[in-house]
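Participant: Each chain is listed here by its residues.
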Amino acid sequence: MTKQKLAFNWASSCGGCEIAIFELGTKLIELTNKVEIVFWPAIMDYKYQDLEAKPDGNIDVAFMNGAIQNSENEHIAKMLRAKSKILVAFGACAYTGGIPALANTTTRDEIFTNSYKDTPTTVNPEKIVPQTKVQTKEGELTIPEFYNTVKTLDQVVDVDYYVPGCPPVGEQVSKVITQFVEGQLPPKGSVLGASDRSLCYECKRVRDERKIGKIVRTYQTIPDPQKCLLEQGIICMGPATRGGCGSVCLDANMPCRGCYGPLPKTMDQGGKMLSALSSIFDAQTEEDIQKIADGVEDPIGTFYRFSMGRSLMRRTKK
Amino acid sequence: MSSFEPKIVGFLCKWCSYAGADLAGTNRLKYPSNVSSIRVNCSGRIDPTLVMKALALGADGVLIAGCHPGDCHYTNGNIKTLRRFKLLQKMLDQFGIERERVRLEWISAAEGERYAQVVRSMTEQIRLLGPLNWKHEVEVTA
Amino acid sequence: MGTTPPKRVGVFVCHCGLNIAGTVSINEVVERAKKQAGVVFAFDHKYLCSEPGQALIKDSIKQQHLDAVVVAACSPAMHETTFKNVARSAGLNRYNCEVANIREQGSWVHDDREKATRKSHIAVRQAIEKVKLNEALEPITVPVTRKVLVVGGGIAGIRAALDVANAGYEVYLVEKSGTIGGRMAQLSETFPTLDCSTCILGPLMVEVYRHPKIKLFRLSKVEEVKGYIGNFKVTVRQEPSYVDVAKCNACGECAKVCPAEVPNEFDMGLTWRKAIYTPFAQAVPPAYVLDSKNCLGLLPQACGECEKACDKYGTSCINLDAWPEVHEFEVGAIIAATGYDLYNAANLTEYGYGTHPDIMTSLEFERMLSASGPTSGEIRCPSDGHTPRDIVFIQCAGQREPETALPYCSKICCMYTARHAMMFHHKVPEGQAYVFYMDIRAGGKGYEEFVKRCQEEKGLLYLRGRVAKVYEENGKLIVKGVDTLSGKTVEINADLVVLAVGMVPSAETHELATKLKASLDVYGFFAEAHPKLRPLESPTAGIYIAGAGHAPKDIPDTVAQASGAASKALDLLSSPTLEREPTVAKVTGELCSGCGICIPLCPYTALTLNATTKVAEVSAALCEGCGTCIASCPSGALSLRNLTDEQILAMVEAIVAS
Amino acid sequence: MHFLEVLRDRIGFERVEKAVKAPLKGLRVGAYYGCLLLRPPGEMKLDDPNRPSVMEDLLTRLGCTPIDYPARTQCCGSYLNISTLESEPLARGIIESARNSGAKVLAVSCPLCKYNLETGRNGSAAEDYMPIVYFTQLLGLALGLDPQQLQLDAQKMQSIRETQPVEVA
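Protein chains in written order, with this note's numbering: chain A, 4 to 321; chain B, 7 to 148; chain C, 304 to 961; chain D, 71 to 239.
Chain A extracted, bound-state conformation (with noise of 0.2 Å):
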């Protein structure tokens, strides 16, 4: 029987998810028996021609992590999409935009400004930001377009899967690949490697009352091990999340940051997790609501800390 022909690429990411595929360790060797792997920039030396010069549909799937950020990633994405006949979007970047969506509350402009010029170990008397084109001696050189607004992996091409995850921890994409490789397969659009239930369903803490005084930041205190940390007055993302990844924060004492996006049937991680805490504010009167209210500092870096690309507003408003 012929290999399976794989394909892993990355956007705009940390490199986190090219690690969480070597977390299969040696299950990769094994791996590679079922399957030929065609393409995978962050481990062996391909180039772009490469890919461009496989006929379209060649490749059966290829994984893409990392956001859209610029307008390499989306030539590479709209390529590597018309080369496989399915494509994934590996990891919450490509998902639902991660942390580098979070450029969506600022501008091109501003970052900018910040990176190139206010940061006060940038040496640039001349003020120079970078220019999609510039004309040297040598020539015309070019480098890829900063966008404004930072999009998802389906923001840009189609998308057949998604695999959420900051990065998505090794058993599940071991499970993810074995499934490809296996070829059973749910729906198009579906998602793997999550529970379709909240991390609150596996998570082993104990509950008492659903109530919260006063907001408090993970800085602030040493959590009870024991009990829910929303009741503790710690943010966790938990209700709003998927499960799947096995708690690992919560087991670290750390609070749930969101990353394995929002539930299936929720248009919006970040706000129905604003409802949920909000809810349940131990509070009557306008001040005292507004007292806990204040607590939450940053709310959008909270509660779209992974899911700004794939939030209802996308992006703030310039």
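None of these hints come from the bench; they were simulated from the model.
None of these values were measured; they are calculated from a predicted model.
Every residue gets a Cβ at the ideal spot worked out from N, C-alpha and C, and that includes glycine.
A couple of the hints might just be wrong.
To be verified - With a straight-line cut-off of 30 Å between C-alpha atoms, the simulated BS3-like cross-links for lysine-lysine are:
(1) A/K191 x C/K536
(2) A/K230 x B/K20
(3) A/K268 x C/K889
(4) A/K191 x A/K88
(5) C/K536 x A/K214
As the list claims (entries may be wrong) - Computed list of chain C residues with no C-beta within reach of chain B, every gap over 12 Å:
(6) K310
(7) Q429
(8) L645
(9) A821
(10) P906
(11) V955
Since chain A is already given, all that's left is putting chains B, C and D on it; use the hints.
Facilitator: Frame of chain A, contents of chains B, C and D only:
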């Protein structure tokens, strides 16, 4: 700008605010036609994501109206709305959405004039702010 | 729903004469409706609520094979039920009918024809989108416990209890004090007929006591009320009277020896009573009561004089080791008749109540008029017992005073003050009575005539105006006021000043309301479901209200409302089951992660977490369908039947898309 | 915020008392409130509009004997007074009421009251001449200031006090 007619979605609780809006009608009070109401059992039914969805879909403003604190037909659904609203308001500030665009008001079944007043002021304020046009906001600045 | 073929929707637009057609272009609304996806038929009519109008809808449903209808007319508050019934009579499920409000929130509030029409179109579109997604639902039927709880043993409670009991249903009557009778028992006469209050009340009290269908819990409080209409679970805590009612022959030996003396609340503190006492002559049950708060030593038994005396001369019916009892029972309906207290006259510093014994409230004066009262019906000044010559009645004392006291009018003061003044004149013919009034409000059968009669009594002077100040100057009470008719300030040296202070909800009202989850109005009286059309019901299903706990009332109104509330309760009890709105919350188990956020939010404890499945469950019978749990559910596992997020969004789109 | 409130709520009357050097023993003072301190009650909220006690409380601390009299919260008619003299009987009534109750001096807080009551004093016989002073003047006196500084008729004040047995503080 003055020709711009804001599209405002009004979520009205059926016991107080919707009845208040009806009373405005019975009293033949006049107010702008920009708010179209959706009758819900309780303002507590209104989930912040519904508000954001409305804005994302193209509404220029959203009005949530319920019974005065203490008068809620379901004892304190309106207080739960208030809790959600306070935090939502804080987040909408971050999204750059002007406070005039999303309002929570207590309007009793007896306050027809108050309903008319709220609609008048809200329509005027949003007219001055101009269209929100969120789709455009997201697409064009891409 | 995805598999089923799309609904064939019919739209019917009402002209409501010119009410709608006057500002809305009906034709345009109809034409635009026809263009909407799913709409197969649209038509208009001058009056859809009329017989022919209803017939049009009914026939069209049949002829056009409609699956759903939208009626664009007045507010759903007006005719939703009417049209839903029409739809049902034509074989549709009542939830396949939606009403678009194009009158109250359309034609009546907009002048601009074009805008009004546009908004009406939006309303119609919303209704179309909603009805397309409505699921066909049948009402939820729940069993009814055919018993009634009546809280409060005043005239309202008594009347309601008797009406229900006489109809053959069991009644639990809960009264906080040692006897039933309430305020009415304290009155000497009643206006406008001047019959003796206890003479007409007494027989009813006895009837209650003897009635086989009425279980009377006196010295009792409602501790807890669980459940919902038709199925309330009630817990009542009853303090012991320490006296065996069956044995006690009210000989009074116990009281003779009782060393503890306390102000007698029945006489508004104008007399003293013992710690073991009988509230008043006609008290029901006719037995002595020991009030444990003032007894000089129950447990550990320190005094016990009464017990000894009773064993010696009486029927040894006293048992000082009695304990409170807790009664638990189920009822289908609850009638709240908690009655009124008096506004605290001491707050009205301008009238000096509390600074001088001869400044009293009307109810204190009432006791003095009563043959069973502190002075056995003679009018005396509490200070030194002399018979007053000049007496000043101040009406609206602390009433119609939005700034400082009660903003409202207590309704009965004009009447009883007239009566008081008249009684005074009968008892002290040589005396002079002055009545300060703002307006005379004597609406009621025979009331105006009665007041006129009193005013014509000689030695009785009505002064239209407010009293600014009552103070003592060298031994005399000076009443400083103004007579707005003559425009002069008046100063009266009075022997006795009587303040007609207002009625406020009794202390128990708020407490009971919280337990019943029944809402109160701004003044703390029970709120009614509708001020005009449902004055006997609380907004909370299964709770009915009667008497002055609802608003200041005179006796006839109270009795009328009590009988009304009783018949409402009987209406509910008349069938063994009742139907409830099926538009309640529902959980999709496979989506729920049992995070439990929703559980504490439900005011009706309709949500529970199933220990084994770890997911939330809704009790359809308890759920009122407010939807606050749905908004809070972070998994989208909860939804509200026929008002789902999808439906709301479809309506939102209808608004922003137009 | 009225000076009386400062004294009562910020400084506290007991501290005022501690500062008193010359207690005004035997000085029978009728506090006159008029409208300035009390009305409209909703706005002023300084004291019970019908049964105020703030001035009496202060005067007691100064060693005076406050006299309760019915007219102490009655209107002095000041605004009538600007055009007509209708206020005179009112003012006279107030002084009468105070005198009948045994007050020897009236303490006021409002210049219009002072002016009015003084007109109300017109034509009253020398022996029942009733000084009308600001409560602050009495405060100053008690704190040991010199009557001249306080614009007070030293003799008069003294004579009033001499009518009472004065314990030396």
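Participant: Determine for every hint whether it applies to the structure shown.
Facilitator: For each hint, the structure was consulted:
1. A/K191 x C/K536: Given pair A/K191, C/K536 is violated - Cα atoms ~52 Å apart, limit 30 Å.
2. A/K230 x B/K20: 40 Å, violated
3. A/K268 x C/K889: 14 Å, holds
4. A/K191 x A/K88: 12 Å, holds
5. C/K536 x A/K214: Since the Cα atoms of C/K536 and A/K214 sit roughly 28 Å apart, the hinted pair holds (cutoff 30 Å).
6. K310: 20 Å, holds
7. Q429: Nearest chain B Cβ is 7 Å from C/Q429, so the label is violated.
8. L645: 24 Å, holds
9. A821: Check fails; 10 Å does not lie beyond 12 Å.
10. P906: Nearest chain B Cβ is 4 Å from C/P906, so the label is violated.
11. V955: 5 Å, violated
In summary, the numbered hints that this structure violates are 1, 2, 7, 9, 10, 11.
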